[in-house]
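> Read off the chains here:
There are 2 protein chains.
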Amino acid sequence: MLELYGCKKELLNDIAFIKKTMLEAAKIAKATIVQQYFHQFSPYGVSGTVIIAESHINIHTWPEHDYAAIDIFTCSEDMDVDSACTFLKKALKAKQHDIKDYKRGNLEMIKKVRDLQTQHRHQ
Amino acid sequence: MLELYGCKKELLNDIAFIKKTMLEAAKIAKATIVQQYFHQFSPYGVSGTVIIAESHINIHTWPEHDYAAIDIFTCSEDMDVDSACTFLKKALKAKQHDIKDYKRGNLEMIKKVRDLQTQHRHQ
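Chains as they are written, first to last, in my numbering: chain A, 1383 to 1505; chain B, 1383 to 1505.
Treat the hints with caution; some may be incorrect.
Remember, identical chains collapse to one label, so a pair may be satisfied in a single copy or spanning two.
[Said to hold, decoys possible] Keeping only pairs whose Cα atoms sit at most 30 angstroms apart, straight-line, the calculated DSS-like set for lysine-lysine is: (1) K1493 to K1409; (2) K1390 to K1409; (3) K1475 to K1493; (4) K1409 to K1494; (5) K1493 to K1391; (6) K1494 to K1412; (7) K1485 to K1475; (8) K1494 to K1471; (9) K1493 to K1471; (10) K1402 to K1493; (11) K1471 to K1390; (12) K1402 to K1471; (13) K1390 to K1472; (14) K1477 to K1494; (15) K1401 to K1493; (16) K1472 to K1401; (17) K1493 to K1390; (18) K1494 to K1475; (19) K1401 to K1485; (20) K1477 to K1493; (21) K1472 to K1493.
FYI, nobody ran anything at the bench for these hints, they're computed from the structure.
Using the sequences plus the hints, can you model the full thing?
Below is the structure:
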């Protein structure tokens, strides 16, 4: 989860620029692009999703706050998420940023629930 | 961020069911649907995004793990995220779930960066 603060307002409201930048970020991250969708909000703001084979990359921009929220969600350890974040920060001319990693899908819980179901079937 | 464990495998690999369920969840959350995109992976797994006026709702399924990861990202306080989560858990027949809230966009940081930029322009 990448938060970009103090971005250049005009860029955050330019859907063509946001689309180009997000697709470039996906390439830099070594992701396999499956599909993309971008939407311009009125009076301002852009939302976009790049579906990648490894999951997705999303953006929502708030030009009125010079702020963009980006998610890079991946199930691959081969993706270069750090380089994509560095690129996005520079491209949107962010003055400050914040990056948080969040691990999805607890493997122990997956196993525990499966074992319980197996026991249940055998009873 | 909603993690669903012990879901019914067949449902997680049924793109038509996932699409219908995610659109229903968006309605239950009182979201305004803008666009949607769903993708069936081979040999299994579905990814989907519902772009909503309030941001987005995403799903990635791993039928091989009976697991689905869902994000409900909203900039509106009027959305009923809890009801959507309850619905999704039941629809996918999850045995266990985990919900985590994560606040995006630090308003103090937005203000701080803006004040710094204003000061800089006035110097």
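> For each hint, tell me whether it holds in the structure or not.
Results of checking the hints against the structure:
1. Neither within a single protomer nor between protomers do K1493 and K1409 lie at most 30 angstroms apart by alpha-carbon distance, with minima of 34 angstroms and 32 angstroms respectively.
2. Proximity of K1390 to K1409 under the C-alpha cut-off of 30 angstroms is restricted to the intra-copy arrangement: shortest distance 23 angstroms within a copy versus 34 angstroms between copies.
3. In this assembly of identical chains, K1475 and K1493 lie within 30 angstroms of each other by CA distance solely across copies; the values are 17 angstroms between and 44 angstroms within a copy.
4. Taking identical chains as interchangeable, the C-alpha atoms of K1409 and K1494 are never at most 30 angstroms apart, the minima being 37 angstroms within one chain and 32 angstroms between chains.
5. With identical chains, the CA atoms of K1493 and K1391 are at most 30 angstroms apart between copies only, with a shortest distance of 14 angstroms across copies and 46 angstroms within one.
6. Taking the shortest alpha-carbon separations for K1494 and K1412, neither the intra-copy value of 33 angstroms nor the inter-copy value of 34 angstroms comes in at or below 30 angstroms.
7. Proximity of K1485 to K1475 under the C-alpha cut-off of 30 angstroms is found in both arrangements, the shortest distances being 28 angstroms within a copy and 23 angstroms between copies.
8. For the homomeric pair K1494 and K1471, the shortest alpha-carbon distance between copies (18 angstroms) is at most 30 angstroms, but the shortest distance inside one copy (40 angstroms) is not.
9. Within a single copy, K1493 and K1471 get their C-alpha atoms only as close as 38 angstroms, which misses the 30 angstroms cut-off; across copies the closest is 18 angstroms, which meets it.
10. Proximity of K1402 to K1493 under the C-alpha cut-off of 30 angstroms is restricted to the inter-copy arrangement: shortest distance 28 angstroms between copies versus 40 angstroms within a copy.
11. Proximity of K1471 to K1390 under the C-alpha cut-off of 30 angstroms is restricted to the intra-copy arrangement: shortest distance 11 angstroms within a copy versus 40 angstroms between copies.
12. For the identical chains of this complex, K1402 and K1471 are intra-copy neighbours only, at 14 angstroms inside a copy versus 36 angstroms across copies, given an alpha-carbon limit of 30 angstroms.
13. In the homo-oligomer, the alpha carbons of K1390 and K1472 lie at most 30 angstroms apart inside one protomer (10 angstroms), although the nearest pairing across protomers, at 43 angstroms, exceeds that limit.
14. For a Cα distance limit of 30 angstroms, the shortest separation of K1477 from K1494 across copies, 11 angstroms, qualifies, whereas the shortest one inside one copy, 44 angstroms, does not.
15. Within a single copy, K1401 and K1493 get their C-alpha atoms only as close as 39 angstroms, which misses the 30 angstroms cut-off; across copies the closest is 27 angstroms, which meets it.
16. Taking identical chains as interchangeable, the C-alpha atoms of K1472 and K1401 lie at most 30 angstroms apart only when both belong to the same chain, with a minimum of 15 angstroms there against 36 angstroms between chains.
17. In this assembly of identical chains, K1493 and K1390 lie within 30 angstroms of each other by CA distance solely across copies; the values are 15 angstroms between and 46 angstroms within a copy.
18. For the identical chains of this complex, K1494 and K1475 are inter-copy neighbours only, at 16 angstroms across copies versus 45 angstroms inside a copy, given an alpha-carbon limit of 30 angstroms.
19. Taking the shortest Cα distances, K1401 and K1485 sit within 30 angstroms of each other both inside one copy (27 angstroms) and across copies (25 angstroms).
20. Taking the closest pair of Cα atoms, K1477 and K1493 come within 30 angstroms of each other only across two copies (12 angstroms); inside a single copy the shortest separation is 43 angstroms, beyond that limit.
21. In this assembly of identical chains, the alpha carbons of K1472 and K1493 lie at most 30 angstroms apart only when taken from different copies (20 angstroms versus 41 angstroms within one copy).
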